[in-house]
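Asks: Numbering-wise, the sequence shown is residues 1 to 167 according to the UniProt record's numbering.
Just to be clear, a hint being listed does not mean it is correct.
[Claimed, not checked] Distance condition first, Cα-Cα at most 27 Å in a straight line; then the derived DSS-like pairs of lysine-lysine:
| no. | residue 1 | residue 2 |
| --- | --- | --- |
| 1 | K140 | K36 |
| 2 | K120 | K155 |
| 3 | K96 | K36 |
| 4 | K132 | K96 |
| 5 | K120 | K29 |
| 6 | K3 | K96 |
| 7 | K29 | K155 |
Note that these hints are calculated values from the structure, not bench results. Quick caveat: nothing in here was measured; it's all calculated off a predicted structure.
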Amino acid sequence: QTKSCLDSYFSGFGLNPDNLPQYATYIGKLLDLTTKYGADGVNMFCSLEQVAEDCLGGLLNSPCMTAAAFQQMYGMSVTDSYEYATDFPVRAYMCKNKQVMDDNLVCFDDVHLKHLDERKKCTTDLENAMAKVTDGDYCKPWGPFVTCNDDVYVKYCGAQVKGSVCI
1 QTKSCLDSYF SGFGLNPDNL PQYATYIGKL LDLTTKYGAD GVNMFCSLEQ
51 VAEDCLGGLL NSPCMTAAAF QQMYGMSVTD SYEYATDFPV RAYMCKNKQV
101 MDDNLVCFDD VHLKHLDERK KCTTDLENAM AKVTDGDYCK PWGPFVTCND
151 DVYVKYCGAQ VKGSVCI
């Protein structure tokens with residue numbers, strides 16, 4: 001059931017579940033929605049998110065939604081599997097706190113479009129840290145990654161977005 005729910009979700013974004021792209025491409029699809037449609041774009045992805053949550057039910061927070069499960073279901077890299085797996089609870093949180101998104105959407109899009117170098121450094125640091133994991137704890141590198149991204153968005157959008165940026 002997990003894969004069926006996820007396949008429907010990804011198809012809603014025009015992605016082929018049999019050949020999911022790198023996580024960055026998926027995020028690009030989400031950002032295209034907000035850039036093109038503004039708050040309506042947020043509503044679109046939150047609607048798809050809610051359908052996926054309803055379909056998954058209790059599976060949303062189960063071993064079926066771990067990075068290992070994403071690797072098994074979709075045959076993706078370790079980094080992509082962690083990014084996709086963590087994306088669902090993040091999107092659920094963002095959609096439940098949508099007002100912050102609505103209030104800061106223009107700034108979020110501006111940061112995404114104009115400060116790619118700073119955000120890319122966060123991703124590069126994460127990828128390097130993931131490659132150096134020797135004890136199997138692939139969660140550890142995510143703390144600095146989240147902080148790094150948070151710092152970039154706070155720098156340009158203000159303290160009110162601290163802890164709200166998940167993209």
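Asks: It remains to establish, for every hint, whether it holds in the given structure.
Replies: Right, here's what the structure says about each hint:
1. Under the criterion of a C-alpha separation no larger than 27 Å, the hint pairing K140 with K36 is inconsistent with the structure, at around 35 Å.
2. A hinted pair counts as satisfied when its Cα atoms are at most 27 Å apart, and K120 with K155 qualifies at roughly 15 Å.
3. Between the alpha carbons of K96 and K36 the distance comes to roughly 22 Å, so the proposed pair stays at or under 27 Å and holds.
4. Between the alpha carbons of K132 and K96 the distance comes to roughly 35 Å, so the proposed pair goes past 27 Å and is violated.
5. The suggested pairing of K120 with K29 holds, with an alpha-carbon distance near 17 Å, which does not exceed 27 Å.
6. The suggested pairing of K3 with K96 holds, with an alpha-carbon distance near 23 Å, which does not exceed 27 Å.
7. The hinted pair formed by K29 and K155 meets the criterion: a straight-line CA distance of about 24 Å does not exceed 27 Å.
The structure is inconsistent with the numbered hints 1 and 4, although it conforms to all the rest.
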